[in-house]
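Peer 1: Given the coordinates of chain A, assemble chain B onto it according to the supplied hints.
Number of protein chains: 2
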Amino acid sequence: MKIVRVAIAGFGGVGRATATLLLNRRPRYRQVHDADIRLVAVCGSRAGLADPDGLEAGRLEALEPGLTGPAFIEASGADILIEAGPSDFRTGGPGLAYLRSALSAGRDTIVISKGALVHSGPDLRDLARSSGAMLKLSGAAAAALPTIDLLEHSLRGCEVLEIEGILNATTNYLLDAMMNQNLGFDEALARAQAGGFAEADPRNDTEGWDTASKLILIANFGLDADLTMDDLVVEGIQSVTEQCIAAWRKQRLVPKLVGSLVRTDGATRAAVGVRTYPMTDPFAHVSGKNKAIRITTDAMGETIAIGSGTEPLATAAAALKDLEHILTARAARAGHGSGGEA
Amino acid sequence: MKIVRVAIAGFGGVGRATATLLLNRRPRYRQVHDADIRLVAVCGSRAGLADPDGLEAGRLEALEPGLTGPAFIEASGADILIEAGPSDFRTGGPGLAYLRSALSAGRDTIVISKGALVHSGPDLRDLARSSGAMLKLSGAAAAALPTIDLLEHSLRGCEVLEIEGILNATTNYLLDAMMNQNLGFDEALARAQAGGFAEADPRNDTEGWDTASKLILIANFGLDADLTMDDLVVEGIQSVTEQCIAAWRKQRLVPKLVGSLVRTDGATRAAVGVRTYPMTDPFAHVSGKNKAIRITTDAMGETIAIGSGTEPLATAAAALKDLEHILTARAARAGHGSGGEA
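For the protein sequence lines, the chains are A and B, in the order given. Just remember that the working numbering sits 110 ahead of the position in the first sequence, which is counted from 1. Just remember that the working numbering sits 110 ahead of the position in the second sequence, which is counted from 1.
Please keep in mind that the hints were generated in silico from the structure rather than gathered at the bench. Cβ atoms here follow ideal geometry from the backbone N, Cα and C, with glycine treated the same way. There could be a bad hint or two in this list.
[Claimed, not checked] Among the chain B residues that face chain A by a calculated CB cut under 10 Å, a handful are: (1) ASP259; (2) ILE416; (3) LYS431.
[Said to hold, decoys possible] Restricting the straight-line Cα-Cα distance to at most 16 Å, the calculated cross-link-like pairs of lysine to aspartate or glutamate (EDC-like) are: (4) B:LYS399 / A:ASP146; (5) A:LYS399 / B:GLU412; (6) A:LYS399 / B:ASP391.
Next comes chain A alone, as it looks inside the complex (with noise of 0.2 Å):
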């Protein structure tokens, strides 16, 4: 059986999450790919522990100050990196020093933030590409929605024409909220805020950049993009007024905050802005904490996708297919089928 080590940077909701399920998951990694697979290394931005023998669940609860970053993963022996740290597009985050290193390293990577891979996306590709590296990102790319995945597996072969995603729960909850209850944005904000549905600052979300950023991201690493935030036009929902409201109210449509990308002649085209939907679109019925994708090629006509997994469980989920998807890979480079699909 092989030894693989994983460590995970980034140990908030989602990095422990990722830690306890791939820690409940090893029974199937025994199984399925004749794996040993060690939690060798978790760092926040502080504090962190490390055992080359792997650490189990009871030690996460005390990790020990300093013990952090990219030198410190390096030293922990670590042959998978999982990054799960705060996201900033703008600078990247902490995220970027632990990508580099990483994929620098040959090391295989397993992103959850998008920050890092917004702001140096190709870069950070070309690094992987260059050093051999696998960089998988189905935690960032929308989570437990497949996207990249559809584009990757599922339409293998055809051409990619169009693409529109609702990627963001926190304007379903609003626009659910002024369509249904009748409230105005500034009160559906207060509303979402108070029951934990929206940030202090709503900002990312409200104003399209956490769409935009995923849609980036399935550009760039499903389509083999180089967008840019600045390539995109983005607006957000702030400024749906309620005469918008009454309107689509009365015409029976269905507002979302849409992603949306289209590619004529190799050249890619995206924006996020607000759509519209008749009731008889499923995209009408993509609510709350749902996300959808619909993907439109040359020969499998439309094919939409829709996901609802609980958090931070589901985003777990993402990161941990990620990693068995490397270790099918792995074997198959080592020459032997073990663990791969049928």
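Peer 2: Leaving out everything else, chain B in the frame of chain A:
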């Protein structure tokens, strides 16, 4: 550049569409997979054509009588078989002999017709495992709708608790007509037959056997179950009465013929029958030729996929997705990652 020789057995509408798409995509195969794909043989039930240098589209109109059967395919030198013949789940149909021959010889095989797989799925699966042949069946398991893909790839690592699928277009048309045009079953069927949406003998669709067949393939090849038709309770739409329709209309429920599957303690229970959905459920809006699947897992909640490709192109594209997965897996086995997923 490696040469890959493909044969197609079963040369009706879908087989021909697959041949055309395969030939059209040759530049892609060269570029992405470094593969020179040659269509070395095609055959229907009575005639065929073979050329070790590859057949061009213009030659496919004039098949030669007598060139058909597993021995003909064997002699063609093909190293990948695409089986697209008529489907009969009670006997296995003509596909069964082609599949047994190809899989015994270790030839990678892509199956489009359901019959042989429903009739002898676990046997064929075991045959493939023992010879090392890859056996792919996207085209048979609901074609452009991703089903086994989701189970194997997008939901990897999760435990599947439940599946439900709208997998048959004819019953979609009929139920839509009964609900929206106020027609009884017989009248709806007569109109569907006149419009080309239902077969002269519609029972395979209306009695639920087609849905059951797809469900069995999803279970046996996506979840490694061992279901046979005898394990399923199969009810169709032929007994839906005007009273049912009136009651559903009054309650604003939408009926669909659904294949469903529940897994508890390792056991799989499967059935086909009419279920109804409220207007807020995306399943209520899967109509006409569209198909859908909802998969509930322990860690990712509900994942829905909806597909709406135009036939026979979409089915051809599903089969050729399988072809690319085979090319990628072969490249990985050969020790280099060209053409692989990111």
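Peer 1: State the violated hints by number, sorted upward, taking the hints as numbered earlier in the document.
Peer 2: 4
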